[in-house]
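A.B. asks: Chain residues, written in single-letter form:
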Amino acid sequence: MNARLFRVPPGTGASLALLVAFLAAWEWGPGLLNVPTYIVPPLSQVAKESVRMWQVNHLLMHTGITAAEVLAGFVLGSLLGAFIGYLLGMSPATEVALSPYILALQIAPKVAFAPLFILWMGFSVYPKILVAVLIVFFPVLVNVLTAIRTVDPDLINLARSFKATRTQVFWKIEFPASIPALFAGLRIGSTLAVVGVVVGEFVGGNLGLGFLLTFGEGQADTPMVFVSIVLLTVIGSLAYLAVVMTEQRVLHYLPARDHRL
Amino acid sequence: MAPATRLEYRNVTMRFADAAGRVLTAVAGVSLALADREVVSLIGPSGCGKSTLLNIGAGLYSPSEGAAFVDGEKVEGPNAQVAVMLQKDLLLPWRTVAENVMLGAEIQGQARTQRQRRAHELLEGFELAEFAGRYPHELSGGMRQRVALARTLAVDPNVLLLDEPFSAVDAQTRMVLQRDLARTLERAGKTALLITHDLLEAVTLSDRVLVMSRRPGRIIDEMSIDLPRRDDPLARRREPKVNDYVARLMDRLHIGDSALEAQAAGGNA
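Listed in order, the protein sequences are those of chains A and B.
According to this note's numbering, the first sequence is numbered sequentially starting from 1.
According to this note's numbering, the second sequence is numbered sequentially starting from 1.
Some hints could be false.
Said to hold, decoys possible - Listed next, the in silico SDA-like pairs over lysine to any residue satisfying Cα-Cα at most 20 Å (straight line): (1) A:Lys163 to B:Asp156; (2) A:Lys163 to B:Arg230; (3) B:Lys88 to A:Leu254; (4) B:Lys88 to B:Ala4; (5) A:Lys163 to B:Gly142; (6) A:Lys163 to B:Ala4; (7) B:Lys241 to B:Arg230; (8) A:Lys163 to B:Gly77; (9) B:Lys88 to A:Ile156; (10) B:Lys74 to B:Asp170; (11) B:Lys88 to A:Val151; (12) B:Lys88 to A:Ser91.
Claimed, not checked - A partial selection of chain B residues facing chain A, derived with a Cβ cut-off under 10 Å: (13) Ala19; (14) Val23; (15) Leu128; (16) Ser140; (17) Gly141; (18) Leu249; (19) Met250.
Calculated directly from the structure, the hints in this document are not laboratory data.
For every residue, glycine included, the Cβ atom is placed at its ideal position computed from N, Cα and C.
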């Protein structure tokens, strides 16, 4: 049963064709439509610029710093969100006490905190990580909390009827039941972490892809902006992919799912 | 020496507050006793408080008045002598079949090797040994329900409380599951209280059938089933006397009385 045969899903060909069409449109579209290269630089110019940035602007170092900040912000934000999510899930009284403040924190535009964090912590990596932590925190918390709240009460009664303690109910029923929702939160968090870090880099400091992006803007170097955007997308994609692959390993017991996003 | 009475309800009354704050009496002054190894079915209209009684026996609810007793001891909370099985199999999707069977034994702190051996024996008995390493989603509804029964038996309870255990499976699978349950109860010498809507199931599986009234639930009739082979409900089904018992239960429940049919169609409570 369930032999895992490798097969190419239908639509793969179309997906590849779309990629080729997109790259071709990028390369030749601006020329055909008489769009100046300082507005939309063609693909080849962006590729050339990335080589130049690699040699002159320490592109690899900036990319590495941004990636490290994304990773740190994502991991810390997820741990914090999951921890508080489980805490509130276990204790409705704590939820009543804390939820207005957590909600206020979520409603406050966290990117607006970035200048404040720079004032507090200087032009280091920490304000960037902190913005990412705040952004990642909430979706993870909400997913975990909802999952704990919606565990089938009959499952909990089943465990209780076997004389399970509160701790046993948590570790044997509630925690494992929340894992799919936790991963749904982590997927969202992995893409949001990039946003938080880039905003932090915009605001202050001279490191990271967000800095290169604003630097390119100041120089009217459109290809440099494009290179930064592409690499930020790559970092976000890798983070997302890492979450999805971990999820597939951890949730191996669920029937295979078909969605790809 | 085994005590004569395994499970007893003494004058149990249960009141709830509904969403509007009104007090509802779910069961009123119910007294009943199950002898050792006896299998008793409880039937009655939807919402008559059958499941409430079962939850009281399992120690999940405290009655407003009266008390439940297991082996003569007052039930104050969940009790290792009593195990529950519901209509929903409640298998944990992240555990294999064998791990699901071991859940209760694991919670109660049984040694790993001991509970593994017990799970293996039970799965073997239900012809599920080859599925021990599978996950619940890979099993059919009938197989899942058998795993749930194995999980209930794995803690070796004296008393089984069964709340419509087979109402979610198709009719043919249900007959096979009923036979498996009846055999198991007979062989292991368990005492069981079975809640069911299926009159034929009540008659073919039990030593005795109790009929409850509409809310507030009271016991309004008691019927001893004088049929051979309690361990084989398929054989019992062929007994002509079964029809008389079912007919009497239909009368007591006013099945076919149009004013009550709408209520009978309501959800289970």
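A.B. asks: None of the hints should be skipped; say for each whether it holds.
C.D. replies: How the hints compare with the structure:
A hinted pair counts as satisfied when its Cα atoms are at most 20 Å apart, and Lys163 (chain A) with Asp156 (chain B) qualifies at roughly 14 Å. With a C-alpha separation of about 31 Å, the suggested pairing of Lys163 (chain A) with Arg230 (chain B) is violated against the 20 Å cut-off. Restraint check: the Cα-Cα separation between Lys88 (chain B) and Leu254 (chain A) comes to about 18 Å, which is no more than 20 Å; the hinted pair holds. Using a Cα cut-off of 20 Å, the hinted pair Lys88 (chain B) and Ala4 (chain B) is violated, with the two alpha carbons roughly 32 Å apart.
Taken as a hint, the Lys163 (chain A) and Gly142 (chain B) pair is broken in the structure, with Cα atoms around 27 Å apart against an allowance of 20 Å. For the hint linking Lys163 (chain A) to Ala4 (chain B), the alpha-carbon distance of about 25 Å lies beyond 20 Å, and the restraint is violated. At roughly 14 Å between alpha-carbon atoms, Lys241 (chain B) and Arg230 (chain B) fall within 20 Å of each other, so this suggested pair holds. Our distance criterion of 20 Å between C-alpha atoms is met by Lys163 (chain A) and Gly77 (chain B), whose separation comes to about 8 Å.
Between Lys88 (chain B) and Ile156 (chain A), the direct Cα distance comes to roughly 13 Å. Compliance with the 20 Å bound is thereby established for this hinted pair. Taking the CA atoms of Lys74 (chain B) and Asp170 (chain B), the gap is about 38 Å. The hint is violated against a cut of 20 Å. Using a Cα cut-off of 20 Å, the hinted pair Lys88 (chain B) and Val151 (chain A) holds, with the two alpha carbons roughly 14 Å apart. Taking the CA atoms of Lys88 (chain B) and Ser91 (chain A), the gap is near 27 Å; set against the 20 Å cutoff, the hint is violated.
At about 16 Å, the closest approach between the beta carbon of Ala19 (chain B) and any beta carbon in chain A exceeds 10 Å, and the interface hint on this residue is violated. With 10 Å as the threshold, the beta carbon of Val23 (chain B) stays out of range of chain A, its nearest partner Cβ sitting at about 22 Å, so the hint is violated. This hint is violated: Leu128 (chain B) has a C-beta 15 Å from the nearest C-beta of chain A, more than the 10 Å allowed. Interface hint at Ser140 (chain B): violated, since its Cβ lies 13 Å from the closest Cβ of chain A, which is beyond the 10 Å cut-off.
The beta carbon of Gly141 (chain B) comes no nearer than 15 Å to any beta carbon in chain A, farther than 10 Å, and the hint placing it at the interface is violated. Interface hint status for Leu249 (chain B): violated, as the beta-carbon distance to the closest one in chain A is roughly 28 Å, over 10 Å. Taking 10 Å as the C-beta contact cut-off toward chain A, the hint placing Met250 (chain B) at the interface is violated, the least distance being around 30 Å.
Hints 2, 4, 5, 6, 10, 12, 13, 14, 15, 16, 17, 18, 19 from the list above are not met by this structure, while the remaining hints are.
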